[in-house]
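Asks: What follows is each chain in one-letter form.
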Amino acid sequence: MLETNTRGQIFSTDLIIAGAVFLLIATMTILYSNQMAQNISATETANAREQAAIAAANSLVYSPGTPGNWENYPEITGVESIGIAKTRNEIDSQKLGRIILLSQTNYTEIKDLLGLSKYGFFVSVQNMQNNQPIYQFGTLPLAEKETSTVNRIATLNGSDIILRVQVYST
Amino acid sequence: MTKKGFIISVDAFIALLLFFAIFAASTYHLGTAKFSAKNTILLKESAMDALTVLEKNGSLEKAIKENKPNYIRGFANRLPASLCAEVSIFGQNNMAEPVMTVLKSGCKKNFTEPATINKSVAARTGNAADYYIARITAWQKVSG
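Going line by line, the protein sequences match chains G and R.
The first sequence begins at 27 in the numbering used here and counts up one residue at a time.
The second sequence begins at 178 in the numbering used here and counts up one residue at a time.
Since the hints were made in silico from the structure, they are not lab data.
All residues carry an ideal CB built from backbone N, CA and C; glycine is no exception.
Mixed in with the good hints, there may be bad ones.
DEER-style ranges, computed between Cβ atoms [unchecked claim]: (1) G/Q130 x R/T204: 47 to 57 Å; (2) G/G123 x R/A201: 50 to 60 Å; (3) G/T55 x R/S259: 19 to 29 Å; (4) G/F48 x R/T204: 14 to 24 Å; (5) R/V319 x G/K171: 24 to 34 Å; (6) R/D307 x G/E101: 47 to 57 Å; (7) G/P93 x R/A306: 42 to 52 Å; (8) G/P159 x R/T278: 16 to 26 Å; (9) G/T39 x R/A202: 47 to 57 Å; (10) G/I126 x R/A198: 54 to 64 Å.
Here are the simulated lysine to any residue pairs, SDA-like style, with alpha carbons at most 20 Å apart [claimed, not checked]: (11) R/K215 x G/N157; (12) R/K215 x G/E70; (13) R/K281 x G/N157; (14) G/K144 x G/F48.
Next up, chain R with everything else stripped away, as it sits in the complex:
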């Protein structure tokens, strides 16, 4: 028995390689894990808030009745800087083609996880009312 064995045999080398590969992969994967639920919840709440306030301050109804998107645009442009939003108004029976659409100025539609809320709006004329659907899509502003 004069021959000496190899200290690191091929199978041990492969085992070590596998271990470090799995270790590196799990370190990378777990390091990128983030709590995104908070942003999603806040985005939905912000979208709902914006649509509710637009309805309560009469901007939606005025915009529809006078066919002037500026009522909505003025509000959208005052939203917090980190929040982007697009408001669309649809006729009750036509969700394919919006009657009007307003995008907050300085925002691009480059979102990955937007929050969308629909709400019905009544535009009253005397005792009669026409019904519309207001849709807001909100997303976090991406700089650049």
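Isolated chain G, as found in the complex:
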């Protein structure tokens, strides 16, 4: 026969320790999940920017743009896509000259046409012989901005060049 006048203790030592262990594990899991979520979010943001930079560089180096003679248009309206290639990896100097001019007056429209509406961009054309920039257009990123850089090799007027595309979050 059990005694009925003994009282149970709710906060016995083992219950307190079990509670402490549970809280420790729960806290660690929550902190860790938050950290992981932040890391994944930052990585996804960087990945999206990298992919945008790769796509913009591809568009510039591979495509003549649409229409193919867009550089002769007086305005940017009517240009469906922008590219500065005569043929694959061969830069057209006329298209390059036109995009340099347009990016001074229609920077936002050029960004949109390159699929970079969420970002800022800066492109430099460097002589492969001495790595000196010979042409550049766009807006330089501030030092603290996270930037994705893509280098593409091409030719311009018979010289080997590197087209460097920098894309950064605005």
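With chain G fixed as given, assemble chain R onto it according to the hints.
Replies: Just chain R now, with coordinates in the frame of chain G:
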């Protein structure tokens, strides 16, 4: 009932040990995860760019016709510092033995994930042409 129970029994201890081991392992594993697809894509694009430019500036054809790898070497040595590359030219029917091979100076073949692109090249002499396969293997330069 005077005996007191152990607060942390063996099974609880093992459970805790297991939890922390899994937690530590997953933290380490997830912390090392990186986006490597970007590098692979860029490496392939760079390799393709280099081979296309070598073809367009006539270096491949000149190197084959004059049997002078220096035409290719000059270009390879001007590639961006972070990029290493080896260009090999094979005869059309012999992919085992290259006719010539050029490795960018200052590069060691210590790659883990290279990108390789093959392209056919025509070396024209008058109306006739001999066909070759140009192969470029590119990888990120490892310092040290």
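Asks: Within 42 to 52 Å or not, the Cβ separation of G/P93 and R/A306?
Replies: violated (35 Å)
Asks: Can the suggested window of 16 to 26 Å be confirmed for the beta-carbon pair G/P159 and R/T278?
Replies: Since G/P159 and R/T278 have Cβ atoms about 33 Å apart, the given range 16 to 26 Å is violated.
Asks: Could you grab the alpha-carbon distance between R/K281 and G/N157 and see if it respects the 20 Å cut-off?
Replies: holds (17 Å)
Asks: For G/I126 and R/A198, compare the CB-CB distance with the range 54 to 64 Å and indicate the outcome.
Replies: holds (59 Å)
Asks: Do R/D307 and G/E101 keep their Cβ atoms within the hinted range of 47 to 57 Å?
Replies: holds (50 Å)
Asks: Honestly, do G/Q130 and R/T204 meet the 47 to 57 Å range at C-beta?
Replies: With a Cβ separation near 50 Å, G/Q130 and R/T204 satisfy 47 to 57 Å, so the hint holds.
Asks: Is the gap between the beta carbons of G/T39 and R/A202 within 47 to 57 Å?
Replies: Given about 31 Å between the Cβ atoms, the range is violated.
Asks: Regarding R/V319 and G/K171, is the given constraint of 24 to 34 Å on their beta-carbon distance met?
Replies: Distance hint for R/V319, G/K171 holds at roughly 28 Å.
Asks: What's the verdict on R/K215 and G/N157, does the C-alpha distance respect the 20 Å limit or exceed it?
Replies: Cα-Cα ~24 Å, so violated.
Asks: Is R/K215 within 20 Å of G/E70, Cα to Cα?
Replies: OK: R/K215 and G/E70 at ~12 Å, within 20 Å.
Asks: Honestly, do G/T55 and R/S259 meet the 19 to 29 Å range at C-beta?
Replies: violated (40 Å)
Asks: Tell me if the straight-line CA distance from G/K144 to G/F48 falls inside 20 Å.
Replies: It is violated: about 44 Å lies between the C-alpha atoms, which goes past 20 Å.
Hint compliance for this structure: hints 3, 7, 8, 9, 11 and 14 are broken, all remaining hints hold.
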